[in-house]
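Chemist: Sequence:
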Amino acid sequence: KHLKSHLDLFPTEKKTPGKTRYDTSLGLLTKKFIHLLSESEDGVLDLNRAAEVLEVQKRRIYDITNVLEGIQLIRKKSKNNIQWIYICQESRIITYNNNSHRVSI
Numbered sequence: 500k501h502l503k504s505h506l507d508l509f510p511t512e513k514k515t516p517g518k519t520r521y522d523t524s525l526g527l528l529t530k531k532f533i534h535l536l537s538e539s540e541d542g543v544l545d546l547n548r549a550a551e552v553l554e555v556q557k558r559r560i561y562d563i564t565n566v567l568e569g570i571q572l573i574r575k576k577s578k579n580n581i582q583w584i585y586i587c588q589e590s591r592i593i594t595y596n597n598n599s600h601r602v603s604i
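Sequential numbering from 500 applies to the sequence shown in the numbering used here.
Among the hints, erroneous ones may be present.
[Unchecked claim] Pairs of lysine to aspartate or glutamate residues, derived as DMTMM-like cross-links and limited to a Cα-Cα distance of at most 25 Å, are as follows: (1) K578 to D541; (2) K576 to D541; (3) K530 to D541; (4) K575 to D545; (5) K531 to D541; (6) K578 to D545; (7) K576 to E554; (8) K578 to E551; (9) K557 to E540; (10) K531 to E554; (11) K530 to D545; (12) K557 to D541.
Rather than coming from a laboratory, the hints here were simulated on the basis of the structure.
If you're wondering where the values come from, they're calculated on a predicted model, not measured in any experiment.
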């Protein structure tokens, strides 16, 4: 009972009726995020727009961008914009600093 009162101090994401655990998973969200990024002009994506389109809190977007930036697939272009470093769509080969890496998306 005491713990529950402390947990009430921390806001949680509101569950949307009809959405399953899979629908809100980080894996599925990442796939949707990468799709948005691949559709964007010059590989640049506004993170505010991504959060709005994907209907998630911005901190969930940061979960994704922190990992993608850590493995050097994206870079920060400006405060709220990120950009693919480079991706060749046809062969799914990502090139960074003249090194190629095959990925499955």
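Chemist: So, for every hint listed, does it hold in this structure?
Modeler: Evaluated hints:
1. K578 to D541: Measuring from Cα to Cα gives roughly 17 Å; hence the hint holds.
2. K576 to D541: Between K576 and D541 the Cα gap is close to 11 Å, so the pair holds against 25 Å.
3. K530 to D541: At roughly 19 Å apart (the allowed maximum being 25 Å), D541 and K530 satisfy the hint.
4. K575 to D545: Given pair K575, D545 holds - Cα atoms ~10 Å apart, limit 25 Å.
5. K531 to D541: Satisfied, since the Cα-Cα distance of roughly 18 Å is no more than 25 Å.
6. K578 to D545: It holds: about 9 Å lies between the C-alpha atoms, which stays within 25 Å.
7. K576 to E554: holds (23 Å)
8. K578 to E551: holds (17 Å)
9. K557 to E540: Distance of about 21 Å is within 25 Å: holds.
10. K531 to E554: Judged against 25 Å, a Cα distance of about 11 Å means the pair holds.
11. K530 to D545: At roughly 16 Å apart (the allowed maximum being 25 Å), D545 and K530 satisfy the hint.
12. K557 to D541: Distance of about 22 Å is within 25 Å: holds.
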